[in-house]
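Undergrad: Which chain is which? The protein sequence lines are A and B, in order. Position 71, counted from 1, in the first sequence is what our numbering calls 71; the numbers after and before it change by one each time, with no gaps. Position 52, counted from 1, in the second sequence is what our numbering calls 640; the numbers after and before it change by one each time, with no gaps.
Check the hints yourself; a few may be wrong.
To be verified - Pairs of lysine to any residue, SDA-like flavour, derived with a Cα cap of 25 Å:
| hint | chain 1 | residue 1 | chain 2 | residue 2 |
| --- | --- | --- | --- | --- |
| 1 | B | Lys635 | A | Ala571 |
| 2 | A | Lys541 | B | His590 |
| 3 | B | Lys635 | A | Pro225 |
| 4 | A | Lys541 | A | Arg273 |
| 5 | A | Lys268 | A | Gly529 |
| 6 | B | Lys596 | A | Ser430 |
| 7 | B | Lys596 | A | Leu503 |
| 8 | B | Lys596 | A | Ala372 |
| 9 | B | Lys596 | A | Val282 |
| 10 | B | Lys596 | A | Arg273 |
| 11 | B | Lys596 | A | Thr535 |
| 12 | B | Lys596 | A | Leu527 |
| 13 | B | Lys596 | A | Glu336 |
| 14 | B | Lys596 | A | Tyr347 |
| 15 | A | Lys268 | A | Arg422 |
| 16 | B | Lys596 | A | Gly529 |
| 17 | B | Lys596 | A | Leu369 |
| 18 | B | Lys596 | A | Pro107 |
| 19 | B | Lys596 | A | Gly572 |
| 20 | A | Lys268 | A | Glu336 |
| 21 | A | Lys268 | B | Gly647 |
| 22 | B | Lys596 | A | Thr345 |
| 23 | A | Lys541 | A | His189 |
| 24 | B | Lys596 | A | Phe319 |
| 25 | B | Lys635 | A | Gly572 |
| 26 | A | Lys514 | A | Gly572 |
| 27 | B | Lys596 | A | Leu351 |
These are calculated hints, taken from the structure and not from any lab test.
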Amino acid sequence: MSTPGETAGETVESAREMLPDNSFLIQYPHVSRVVRSLFLTAFVAFGIGAFMGVLQALHRTGIARIVESADYYTFLTLHGVLLAIVFTIFFLAGVFTWANTRSLDRPPVSKRFTWFWVVTMSAGTAMAGIAMLAGLLPSIDISADVLFTFYAPLQAHPIFYIGLAVFVIGTWLAGIDWFRQFLAWRREHPDERIPLQSFMVLTTMIMWFIATLGVAVEVVVFLIPWSLGIMPAPNPLLTRTLFWFFGHPIVYFWLMPAYLLWYTVLPKIAGGRLFSDPLARVVFVLFLLLSTPVGIHHQYLDPGIAEGFKFIAMTNTMFLLLPSLLTAFTVVASIEHGARQRGGTGYFGWLKALPWRDPAFTGMALAGLMFAAGGFSGMVNAGMNINYLVHNTLWVPGHFHLTVGTAVALSFMAGAYWLVPRITGRKLYSRPIGLFQVVLWFVGMVFMSAAMHRGGLAGIPRRTAEPQYPQVAFETVAGSVGSLRLQLAFGGVLLFVSALLFLMNVGLTAMNNKPARGLDSALPPALSGPEQSPTVLDNLKLWALIAVVLVILAYSLPLYSIVQGAGLYPAGQEASPAVIAPLLEVIA
Amino acid sequence: MHVHNYEKLWLGASLLLIVGFISTIVYGAAGAGITMVNDEGGQVNPKELGNTSGFDDPGVTKVGPNEYEVHIVALQFAFQPGTVELPANSTVTFYVTSRDVVHGFEVAGTNANTMVIPGEVSQITVEFDEPGEYGIVCHEYCGAGHHSMAAELIVREPSNFTMQDDTQTPTSGNETTNATATPTGGESA
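This is chain A alone, in the form it adopts within the complex (with noise of 0.2 Å):
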């Protein structure tokens, strides 16, 4: 980001005056504030969370335990909560405010609106938040150490759900924003195809708002009312298939903004241009149809599913298969149309073409590679009967470390090194510290994600404090139980590094007083432009339908199924820690 001719007293203020017409922070100030104070919330978390996550790897290794056993699961809801809903989302929300504004080269219609929804799904987060961190305090009556997942009749206190339900509130109204923002686009260009980004949101919200259904029945219908002693436990199964409904959607929410980053800025950081722009909108469709209805492949140990509804599950979730495959296609060609330009040769030769030393570029390359590797440790968890030997055990967040934990945290990281200059129009405080940091995480992981499905398929459960039993000795395929112990906790430092390293190096950038230079907000067309593809793509409606019609053939007879076995709130269900009789049963 570096260019000659820079000069020393040179400040932010009187370099904005500088920055060309057509860069983001000079088109769209207000939506650049918008998205600065979502990345704030989305990095705080990112920072609690990564170091909730370096004590568990030094906790449940054996090889520091700072905190109590019985406490080292209010820190694993914290990391989960905090990693996985509060930085993925906000972040996302971040990257969909600036993607689809740039796109529709128009800014969001109403600012007020737009300030009610972040704030909203900050008060629901800070709602939850207060709830997980009361567990540390025994002082306080109040605790949420339930974990991400939350299942029933394990309870939280009331103010957790209120908080997620507020928080999914405040995301449905940040997708009525993205739509109305795009609504207001249509009416002034009506024959248009959508700009690209803007399809990527608007799809990815449709996905979204129908998965959302399955935790907001969950929480609101359910959850809300047996905590707050109104209605009495529900039944535990159904409550986690509603879950799962949405459980495994959300898999693809953190995604997408990945995506999109590795189909519109990756090819533009190669020095190059998106290979296809018809096969980009053919996956985020395939995406918006095949993520809701697979959410039972997590219930494949379930009881009282039939095998049937699981068969189905697991089918759906291979062909889930396809758009990422297509991606890393699409996503490779378009860097090597990069590398050629500058001047790269040779069937692998180009590789030494692309800009290598560049973070943003790195970063992504690395996360792009895990999600390769992660891509297949995932079909072992959806091979329904191999799922057998590795169900709940470490092999599982070993998985998703590369997934949701790599190729989605690390693009971000790469991304915010790209899109925090051009939202505070400040340089980049490091190039090499960035670059450092990348590689390091990469490493990190790499080492702790290793060990996470080594010891899996040892059978060393998942989400364990202290996984040493007297009664248990779990047999490695290669190396001891205590090797893997020791680079699962060498990754996880690692990784905490890296985080650190991460948090300072925007932290800074955000008070540079050097400008950024060449911000250029123009992304290059696709080699393949959208006028190649059939306009029934951008059929949005079409589309929703369809998803909607194959959530109903997923899900209706699995649900039905559920209910008459148990009921809705079958007899002897008790929550756990044990609270107040409910208010029914107390009159009755």
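Got chain A sorted already, so can you dock chain B onto it with the hints?
TA: Just chain B, lined up with the frame of chain A:
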């Protein structure tokens, strides 16, 4: 719609890979006979397990020449019984349920693995071919003492095995074998 030739090739190869993956699962189900935990176990009232046949006295029951049933109750933070003894070369059906919250049941290092949900009974049938000692762990977070929840499973030579509670009342025959437990390491004693 214009699709580049290399893209078509890649698309074809991708679809082939996906169909290949699905075939391995179908083979596992139809060829190797691995069936999924399903809804056959039925429902129970978690507060009435003391009055529920099988769970009122959890443990091993012989139901056929080489066939056994094991009823297990998972609770915060233990399995009942804490030790299960079985003979090698037997077919064993586990019935596992929970008295309180969601738990997990995993014979470490094998594919005998299921979720345990209060109100539902998980039914899995496995074969133990070789003698050995196995650990059983709870693999789903179930509260502050989750990490202490484990049990042991001892598979003895048939000649060394005697039933503790020899109530020879065959209930129903075992139709399916849905998992084969084999030791991963050399821990068979």
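Undergrad: Output the indices of the hints that this structure fails to meet, ascending.
TA: 4, 6, 7, 18, 19, 21 and 26
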